[in-house]
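> Input sequences plus hints: build the corresponding full structure.
Order-wise, the sequence lines are chains A and B.
So the first sequence is numbered by this note's numbering: it starts at 1 and just counts up by one.
So the second sequence is numbered by this note's numbering: it starts at 1 and just counts up by one.
It is possible that part of the hints are untrue.
[As the list claims (entries may be wrong)] Selected chain A positions facing chain B (Cβ under 8 Å, derived; list incomplete):
{"hint": "1", "residue": "ALA6"}
{"hint": "2", "residue": "GLU9"}
{"hint": "3", "residue": "VAL11"}
{"hint": "4", "residue": "GLU28"}
{"hint": "5", "residue": "ARG29"}
{"hint": "6", "residue": "LEU40"}
{"hint": "7", "residue": "ALA48"}
{"hint": "8", "residue": "GLN57"}
{"hint": "9", "residue": "ARG61"}
{"hint": "10", "residue": "PHE66"}
{"hint": "11", "residue": "GLU68"}
{"hint": "12", "residue": "VAL121"}
{"hint": "13", "residue": "LEU125"}
{"hint": "14", "residue": "GLU147"}
[Stated by the list, open to error] Straight-line alpha carbon distances no greater than 16 Å define the calculated EDC-like cross-link-like pairs of lysine to aspartate or glutamate that follow:
{"hint": "15", "chain 1": "A", "residue 1": "LYS165", "chain 2": "B", "residue 2": "ASP321"}
{"hint": "16", "chain 1": "B", "residue 1": "LYS55", "chain 2": "A", "residue 2": "GLU120"}
{"hint": "17", "chain 1": "B", "residue 1": "LYS55", "chain 2": "A", "residue 2": "GLU147"}
{"hint": "18", "chain 1": "A", "residue 1": "LYS165", "chain 2": "B", "residue 2": "ASP12"}
{"hint": "19", "chain 1": "A", "residue 1": "LYS165", "chain 2": "B", "residue 2": "GLU4"}
{"hint": "20", "chain 1": "B", "residue 1": "LYS55", "chain 2": "A", "residue 2": "ASP123"}
{"hint": "21", "chain 1": "A", "residue 1": "LYS8", "chain 2": "B", "residue 2": "GLU303"}
{"hint": "22", "chain 1": "A", "residue 1": "LYS165", "chain 2": "B", "residue 2": "GLU44"}
{"hint": "23", "chain 1": "A", "residue 1": "LYS174", "chain 2": "B", "residue 2": "GLU43"}
{"hint": "24", "chain 1": "B", "residue 1": "LYS45", "chain 2": "A", "residue 2": "GLU147"}
{"hint": "25", "chain 1": "A", "residue 1": "LYS165", "chain 2": "B", "residue 2": "ASP5"}
{"hint": "26", "chain 1": "B", "residue 1": "LYS145", "chain 2": "A", "residue 2": "ASP20"}
{"hint": "27", "chain 1": "B", "residue 1": "LYS145", "chain 2": "A", "residue 2": "ASP19"}
{"hint": "28", "chain 1": "A", "residue 1": "LYS174", "chain 2": "B", "residue 2": "GLU42"}
{"hint": "29", "chain 1": "A", "residue 1": "LYS165", "chain 2": "B", "residue 2": "ASP15"}
{"hint": "30", "chain 1": "A", "residue 1": "LYS165", "chain 2": "B", "residue 2": "GLU303"}
{"hint": "31", "chain 1": "B", "residue 1": "LYS55", "chain 2": "A", "residue 2": "GLU126"}
[To be verified] Sample of chain A residues with no beta-carbon within 10 Å of chain B, all distances over it, derived:
{"hint": "32", "residue": "LEU10"}
{"hint": "33", "residue": "LEU56"}
{"hint": "34", "residue": "SER64"}
{"hint": "35", "residue": "THR65"}
{"hint": "36", "residue": "ALA70"}
{"hint": "37", "residue": "TRP75"}
{"hint": "38", "residue": "LYS78"}
{"hint": "39", "residue": "ILE79"}
{"hint": "40", "residue": "GLN131"}
To be clear, the hints were calculated from the coordinates, so they are not data collected in a lab.
Glycine included, every Cβ here is placed at the ideal spot set by N, Cα and C.
What follows is each chain in one-letter form.
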Amino acid sequence: MKSSSATKELVRRLKEGDDDETVRLLVERFGPRLLSAAMLICGNATDAQDLMIETLQRAVRKISTFQEKASFFSWLYKILFNQNRMAWRKRSKLPLVFTDDVPDVASDEPLAGSRLDSTEVADGLEKAIRQLSEPLRAVVLLRYYGEMNVEEVAKTLNISSGTVKSRLFSTTRKLRELVPTEFKP
Amino acid sequence: MKCEDYQLACYDLLDRTLCAKDEREVLAHIEHCCECRSFLEEEEKRMRTWPRLLKLAARNVSMPTDAVERITHALEISKGQGFRFRLKEWERTHFSGRTSFWVSLAASLLILASLGSVYWLTQDHLWMSRVNIADNTMPEVRLVKQRDIQEISVPKTLPGVLSLASGEIVARLKTGVELTLIGPTRLVVQNGWNVSLEQGQLLANVPHCAIGFTVRTRELEIRDLGTVFGVQAKAAASDVFVFKGRVQVNEATYSETGCEMPEVAVGICEAGAGVRMVSGKRTIQFAVDGPEAEKLFQTVQGESALLNPSQALATATYIADLGSGRNISDADRVTNETEKGIAFQNTASVQTTAPVHQWETTNMNKTSAAMVLAAATMATGVFGSASSEPISVNTSLMENRLWETVFTNEVDVAWHWEHPDAVNAELSISGMGGEVLATNVSRSVSNVLWRAFEKATPAVEDVYELRLTFLGANETVLGALTSRLAVVKGAFGMGTVDANPVSASWAKVKDNVVLAYDKGWMATTANATTSQLTIAKINGISQINVLEGTSGYYGWKLKKSDWGYGKFNLTLSFPGEQGEWNETVNYIALGTLIGIR
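Here is the structure:
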């Protein structure tokens, strides 16, 4: 995945200085896809928006470290996953808060024997993916949401192609258990 | 190798990163191993369906409206933190021990004094901006950027004139609309929603909240529908070109004497399309077409236009010159034909809408398709009332001719209400995968714009059957018209179509197959009047298909059909003529046909 000339120009401008206009272009161009990816990772809109903003903010601050030969989007994805990992570590240090409210999860389940529409299938898949461990989820999202090939996923996550394939393979097995029959491809 | 190894290799197989030797080995194993074949099919399906599902799953989140502000604000803070960190570092490295306390205190006081004096010197401006925000008295037109400008005039009240003799400015209106002006330009700003470009060039970046923002020139009225677009007003002509989103373009609603005129819609222009109007002449719609224009457009497409507005507008002019040049010749040709009074009753015309740089027509019978057309982007008129001419599907290898095709994914299906008793009609369009469009239209409608595929080029090839059924009162069927349309990647632009049956493209296709055929491939079949394709599955069923005409495309439905996997012998022949084309193909679980020669 090579960066387009427009992306290269955007990167050049970011490297020159982060004026409002350039940041706005960055948000418009890459924000929506990052936001969707963040939503799949976090599972709620508020965290997803925060993660997307933190990712872009970090990207602007660290733009000098971006090497032009790499794909800009892959680099953003890498930041997104790193930021998420850091946020997760922070959250895990917070004390647990118990409430009396019990979430009504039963209503989210599809009715037995009912025909599922695309939205239900999509939601079921998302839930299953969020149950995966962080390394597996990252590989799945890059492969199937980012539509990257194995080599691109490997480069983005700084792991070997073999590891990517074995993680995808494990994911497939795990999803067979997590995903209801109707959700399977 | 174990099955698990082959399954891991399936990822590479689907990514097409295996070398030929390994690919053969994996395919050979898969052909005989049900488990691995099933794994491959599942993964292929995941790659195909999950991106869409995951996008759907992430639908419940919207971009925060203050995203840019939050990022820039966080950056400001981090810069401040960076400064403090660097100051601490500097203190740590240059001063150590107890004595450094007094030195660093003195340094801090000095810095504070400097900052204080800077604040004192600039407090008027800071105070002004605070007042502006607090009182919500933002200027009607605010200059955001300027470069190499000369003789600039910015209105303080509206309506007013925003002009510059040379250079480039970015001005923001209260509605959030950002206008980039390149001098010499004179713009009358009526209010945040309406401007008139009297002379010069502007690039408008219209946020979602300002949809409806309108730019007028002497010739045109451009109403934004959420977009980035460029407008150029010259002495006797106006150009509009859309870089992102779309705009509604109308002819100007006032005459030179200032009288109100009825609104004449030119049409909706989407990204990559535009309109040129020369005073006193016809309006010309154009669009990006051909490799040169496409390459140029890629550099300015979307928000990229804002990065270099001058280049974007120059590119737009170039594309307009290319497009309008071709349009004029086509339009002139049509006018001439109309004047000659060619009758086209009981024939179907196929004609382009926007862009109209090339013209394709075909003679068709009233009730049956006469020809499969090799154009993914054309308008299919089932009844031709306008001028048209018979189409020639030029695929001859011997003469090495080109397909005449157009470039738009919008197909204008147009017709005439031949049946006087018809009160409505049903339009149905079906591809090999099933029905893609079904709509009911009343008598007041004579065309339907069908988006044959989403992106600039089709994701899959297909052959579509179009059927228009005229219905009278009580839903009685009065008659029907049919037509066919092939969507073929190779038929785009002016590139040669690889219609050679012995070439790889004939045998290497995915899922459903679109096969080209042409009597002109062999001298011995050049005079053929009919053609047929025989499909025979080895150790299975056979089917003889009588093809439409002797040149065109045939859609062979393999996906979700009864054919199943296996080897097939295909024979293209022309009854009564010597010579035929033969091919053996192998349809495997991967969904790819591989030719065996």
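> Honestly, which of those hints from before does the structure not fit?
3, 10, 11, 15, 30, 32 and 33
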